[in-house]
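Number of protein chains: 2
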Amino acid sequence: MSAITAAEGNPQIEFWFEFASTYSYLAVMRIEAAAQAAGVDVVWKPFLLGPVFLSLGWNDSPFNIYPPKGRYMWRDLARLAARYGLPFRMPSQFPRNGLLAARVALVGVAEGWVAAFSRAAMLASFAEDRDIADDAVIGELLAALGLPAPEVLARAQAAENKQALRAQTERAAEIGLFGAPSFRVGEELFWGNDRLEDALAWARAGP
Amino acid sequence: MSAITAAEGNPQIEFWFEFASTYSYLAVMRIEAAAQAAGVDVVWKPFLLGPVFLSLGWNDSPFNIYPPKGRYMWRDLARLAARYGLPFRMPSQFPRNGLLAARVALVGVAEGWVAAFSRAAMLASFAEDRDIADDAVIGELLAALGLPAPEVLARAQAAENKQALRAQTERAAEIGLFGAPSFRVGEELFWGNDRLEDALAWARAGP
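Residue numbers (the working numbering), protein chains in the order written: chain A, 1 to 207; chain B, 1 to 207.
Simulated from the structure, these hints should not be mistaken for lab results. Please note: incorrect hints may appear among the correct ones.
For identical chains, the list gives no copy identity; a pair is met inside one copy or between any two copies.
[As the list claims (entries may be wrong)] Below, simulated DMTMM-like cross-link-like pairs (lysine to aspartate or glutamate); rule was C-alpha separation at most 20 Å, straight line:
| hint | residue 1 | residue 2 |
| --- | --- | --- |
| 1 | Lys162 | Glu128 |
| 2 | Lys69 | Glu187 |
| 3 | Lys69 | Asp41 |
| 4 | Lys69 | Asp194 |
| 5 | Lys69 | Glu170 |
| 6 | Lys69 | Glu14 |
| 7 | Lys162 | Glu111 |
| 8 | Lys162 | Asp60 |
| 9 | Lys162 | Asp194 |
| 10 | Lys162 | Glu32 |
| 11 | Lys69 | Glu160 |
| 12 | Lys162 | Glu151 |
| 13 | Lys69 | Asp134 |
Remember, predicted model here, so these are calculated numbers, not experimental data.
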């Protein structure tokens, strides 16, 4: 029954995001409501930008490597957060290590709570300046969602889940991703928070 | 009288663009109609991205240096051109040398025909695959606009005009530009063709 529903159901969009990524913050906060309004299902794809950036020759965020881009990005982010009505505080560390949050999010994909967890982790990082690489911080976020934090953290750090995140990150490079957030509809790639609406429209109607 | 009109007239937006830039093509084609509809005056600022990119450590277009970005850009450009109803043919050379076109455009700013010339030069490059670094090509475009091509080309290549373009390019770096097209409203910077509407809204209403 659920297979039939899936086959005949809404069009789908893949949502590739990284917890350290500023524009991923905006997209994580917006995508569920926007996709629901558009009648599109979201397939959440947490991954790590670090290895993708390394393959492009960057050993840091391009926003740090290229200061004019970085200055613009922080201003742009503040402007956009204000427009979307999202809280924003410039993090004291950038980029933050998103590895633990990505591993937990992958568990959340399997268990159905990835959207709520991802919003909580993004708000912790970009609105409350908390270190989401810290087990205790992530544990608090999980508990606040009514989830069994120690069990979830153990599943997140299990070898199989670590390997699944590595594989997903390799897949990101294979399909041509070079930044986050990215949206994928079939073979069509859309890059950037400001392309979320375009990607949803493509999922609904095609070109 | 014109000073009074300017002081009491429409809000203004600076439009910084480069003839070699793919997304500048889209913005050049769109900005006059969009700005008129928004009641905003456009101050055209042709400049050269090359020296700006060199200062960031790039001796080529980032779309060439980072192949995944390049592949995405060409697909994205074709998609956007189709959406806007603009012709597009992938140029046989990229990036093209936009120096001559930028010098001519600067003459056009002073003489009031920059918008029409810039659209003609962009269409030649990105829809007809013509080499806009060629005096003969630019001369044809000028003549088609009813302009005295030899005189305009002489003014474009005069020492004073060359220096004015150098100064404008230096100014671009000073105000923090790192790509094109960029829009500026007071101190507020907006980067990318897809931010044209945001920049116009900011010019009208502020934050």
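key: Numbered hints the structure breaks, given as an ascending list   = 1, 3, 8, 9, 10, 11 and 13
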